[in-house]
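Asker: For reference, the chains in residue letters:
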Amino acid sequence: MSALLSVRDLCVTFEREGEELAAVDGVDLELGAGETLALVGESGSGKTLTALAVLGVLPAAARMTGTLRWRGADLATLAPSERRALNGRELAFVSQEPASALDPVFTIGEQVAEVLRVHARLGRAAAWRRAVASLAEVGIAAPEERAHAYPHELSGGQRQRAALAMALACGPALLVADEPTSALDVTLQAEILALLAHLVRAREMALVLITHDLALVAEATERVAVMYAGRVVEEAPVQELFARPAHPYTAALLRSRPRADAAPEARLAAIPGVVPELGRGPTGCRFAPRCELVRERCSAEAPPLEALAEPGRRSACFFAAEVRP
Amino acid sequence: MSARLEVEELCVQHVVRRGLFGERGLIRAVDGVSFTVGFGETLALVGESASGKSSVARALLGLVPARGRVLGRREPGGEAFDLLSAGGRARRELGIVFQDPYESLNPRMSVGEAVAEPLAVHGLARGAELARRVRELFERVGLESSARTRYPHEFSGGQRQRLAIARALALGPKLLVCDEAVSALDASIRAQILNLLADLRAELGLSYLFITHDLALVRVVAERVAVMDCGRIVELGTVPEVFAAPAHPCTRALLAAVPAGDPRARRAPALGPGPGPAGERPSPLALPSGCPYRTRCPLAEARCAERYPERRVLSPTHWASCHALDHTAMP
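Protein chains in written order, with my numbering: chain A, 1 to 325; chain B, 326 to 656.
Just so you know, these hints were derived from the structure itself, not from any lab. The structure displayed is predicted, hence computed values, not measured ones. Do not take every clue at face value.
Label pairs and their in silico Cβ distance ranges [said to hold, decoys possible]:
#, chain 1, residue 1, chain 2, residue 2, range
1, B, 464, A, 74, 29 to 37 Å
2, B, 339, A, 59, 32 to 40 Å
3, A, 60, B, 442, 33 to 41 Å
4, A, 74, B, 388, 52 to 60 Å
5, B, 405, A, 104, 46 to 54 Å
6, A, 289, B, 428, 27 to 35 Å
7, A, 310, B, 339, 51 to 59 Å
8, B, 651, A, 104, 54 to 62 Å
9, B, 630, A, 87, 45 to 53 Å
10, B, 471, A, 60, 34 to 42 Å
11, A, 155, B, 630, 18 to 26 Å
If we take Cβ atoms under 8 Å as the criterion, some of the chain B residues that face chain A in the derived model are [claimed, not checked]:
#, residue
12, 373
13, 383
14, 387
15, 390
16, 516
17, 517
18, 520
19, 541
20, 542
21, 579
22, 585
23, 586
24, 587
Here a beta-carbon is modelled for each residue, glycine too, at the ideal position from N, C-alpha and C.
With the hints as extra help, turn the sequences into a complete structure.
Answerer: Right under this line is the structure:
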């Protein structure tokens with residue numbers, strides 16, 4: 001069985017003062033039809049650039065190497081028009097700021113209908129009907145009326161729903177959601193996550209959820225890839241990752257969260273040090289300067305992301321067996 | 326009773342126009358809010374965006390005009406001074422740390438100058454004494470004092486938040502207002518800053534008003550928590566009380582929305598595709614009559630539209646304003 005999406009040795013670099021700085025440095029990922037994967041990392045980890053590379057919309061200054069395959073076919077061999085058609089029909093994207101996807105001068109109904117007319121080649125009336133149905137599916141109340149609303153007339157949560165309706169209008173096989181709830185209030189965040197989970201199941205759609213928030217991962221996806229300074233450092237089914245992290249960075253992140261059962265006045269288990277600057281990471285393991293398990297070998301050579309004994313688990317740590325939860 | 330900060334019936338109103346020639350509307354951003362913050366205590370102020378929590382902070386700091394009474398004290402039993410009318414001198418007692426330190430740091434000023442500025446402006450130190458105080462502040466917040474000559478863009482988010490804290494501490498305030506001070510920070514840095522705030526509280530005897538939308542944080546930083554909705558405090562109590570027995574439906578909705586952070590405790594997506602209990606928030610220009618939460622409330626009944634519910638005292642340290650509490654037996 002070939003994967004829906006496969007990413008091999010993806011590198012995204014930027015040139016600064018004659019130097020090539022790698023923001024994404026050798027990422028391998030694979031996603032089957034209907035699978036859900038969270039890409040977790042802090043700012044500068046390369047998680048968003050990885051997604052933009054998959055969607056073929058990297059910033060102009062970025063250089064990309066590596067292989068991206070969609071249903072087995074190399075995406076680099078597609079003509080620009082084929083690539084656009086793929087993005088419209090099969091690959092959908094929602095971002096943190098729905099306003100960036102919505103045009104302020106058209107009603108949300110017109111915008112969803114336009115996607116359907118361009119990519120699904122529907123007529124005007126049919127496209128409008130499907131657009132209204134799409135708005136209903138993402139939980140917009142009174143969709144016939146709301147279809148006539150302009151983006152500014154909607155609340156933040158409603159705008160994110162409208163952006164989702166637009167992304168999902170053509171029934172994509174994969175939805176890439178980049179921090180879809182970060183700009184929303186906590187109660188809305190819970191609603192949008194529940195909506196995503198519902199849509200993924202109802203449509204058997206694959207989902208890549210990009211987030212900085214491990215707590216969201218626990219809610220929304222089956223598998224997690226943790227990124228640090230441009231590399232995937234650990235990949236695992238979500239249950240196993242939380243129960244038995246196999247990379248010191250994941251373990252430290254899990255420990256640093258405020259815990260419900262912590263004693264009052266207890267200090268948080270902070271991770272010392274700072275995230276390395278773009279392309280200025282240490283040679284060897286990039287987490288080494290902040291790591292509690294660090295040895296000499298870690299600064300000499302970069303640990304590869306290798307399969308562990310447990311199925312579906314990979315870790316880029318020489319001492320994965322010693323990581324404590 | 327004497328507290329570090331006593332706030333009584335604080336009100337903040339904004340007049341807005343709808344459209345260019347539209348009629349004037351009145352937004353009651355803060356509508357009769359009262360609370361106290363004790364010596365060495367942290368009070369968390371939580372609520373969704375537009376609930377009025379940041380307007381409370383801005384009113385305390387004199388950044389927006391406000392009515393009501395705000396009294397501050399330097400030490401227990403000490404003389405109370407009025408913060409709303411006293412102006413700059415009294416407000417030195419309050420420091421503020423905003424969510425985005427980049428916006429509160431001048432990009433053209435070295436960070437050493439930025440931290441020195443409040444001291445110089447208030448004429449509290451100059452020359453060698455000023456330099457010494459700045460070095461001390463840098464060390465206090467965990468920054469190398471040699472970094473003083475660098476500029477804000479050369480620092481990471483966590484370091485910039487340390488700078489903002491150093492600047493807030495420069496005038497020796499006794500109460501820090503932290504408005505979403507760690508919300509924009511990466512997970513691995515957030516715990517460092519929270520620990521720094523805890524250390525400063527212990528060393529300097531500070532009190533905090535900790536404004537956040539993140540209830541998961543409240544449990545680790547605060548002794549008491551006040552929940553705001555539509556400009557009012559709807560529930561206030563100690564953290565154990567409110568987390569164990571949230572009394573207001575708004576508090577319950579906020580607590581239910583906190584991700585469990587553990588896949589074994591994953592919530593059933595019972596909400597389905599439709600708008601959940603949060604529903605649509607009312608426009609601040611046209612709040613529902615009576616209790617403004619009633620249009621989102623699962624317990625709403627006829628009288629909720631008639632008048633705002635009075636405070637129901639649940640324990641000496643816990644109260645909530647909800648008509649539905651009449652139906653529950655008092656503990």
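Asker: Now tell me, hint by hint, if it's right for this structure.
Answerer: For each hint, the structure was consulted:
1. 464/B x 74/A: 29 to 37 Å: Once the Cβ atoms are compared, 56 Å apart, the range 29 to 37 Å for residue 74/A and residue 464/B is violated.
2. 339/B x 59/A: 32 to 40 Å: Given a distance of about 39 Å, which is inside 32 to 40 Å, the answer is holds.
3. 60/A x 442/B: 33 to 41 Å: Cβ of residue 60/A to Cβ of residue 442/B: about 40 Å, so the range 33 to 41 Å holds.
4. 74/A x 388/B: 52 to 60 Å: Hint holds: Cβ distance 56 Å, inside 52 to 60 Å.
5. 405/B x 104/A: 46 to 54 Å: 50 Å, holds
6. 289/A x 428/B: 27 to 35 Å: 29 Å, holds
7. 310/A x 339/B: 51 to 59 Å: Given about 57 Å between the Cβ atoms, the range holds.
8. 651/B x 104/A: 54 to 62 Å: 47 Å, violated
9. 630/B x 87/A: 45 to 53 Å: Distance hint for residue 630/B, residue 87/A holds at roughly 49 Å.
10. 471/B x 60/A: 34 to 42 Å: With Cβ atoms ~38 Å apart, the hint holds.
11. 155/A x 630/B: 18 to 26 Å: Holds, at about 22 Å.
12. 373: This interface hint holds because 4 Å falls under the 8 Å limit.
13. 383: Status violated, d = 19 Å.
14. 387: Since the shortest Cβ distance to chain A is 28 Å, the answer is violated.
15. 390: Since the shortest Cβ distance to chain A is 27 Å, the answer is violated.
16. 516: 4 Å, holds
17. 517: 4 Å, holds
18. 520: With Cβ-Cβ at 5 Å, under 8 Å, it holds.
19. 541: 5 Å, holds
20. 542: 6 Å, holds
21. 579: 6 Å, holds
22. 585: 6 Å, holds
23. 586: Status holds, d = 4 Å.
24. 587: 6 Å, holds
The structure is inconsistent with the numbered hints 1, 8, 13, 14, 15, although it conforms to all the rest.
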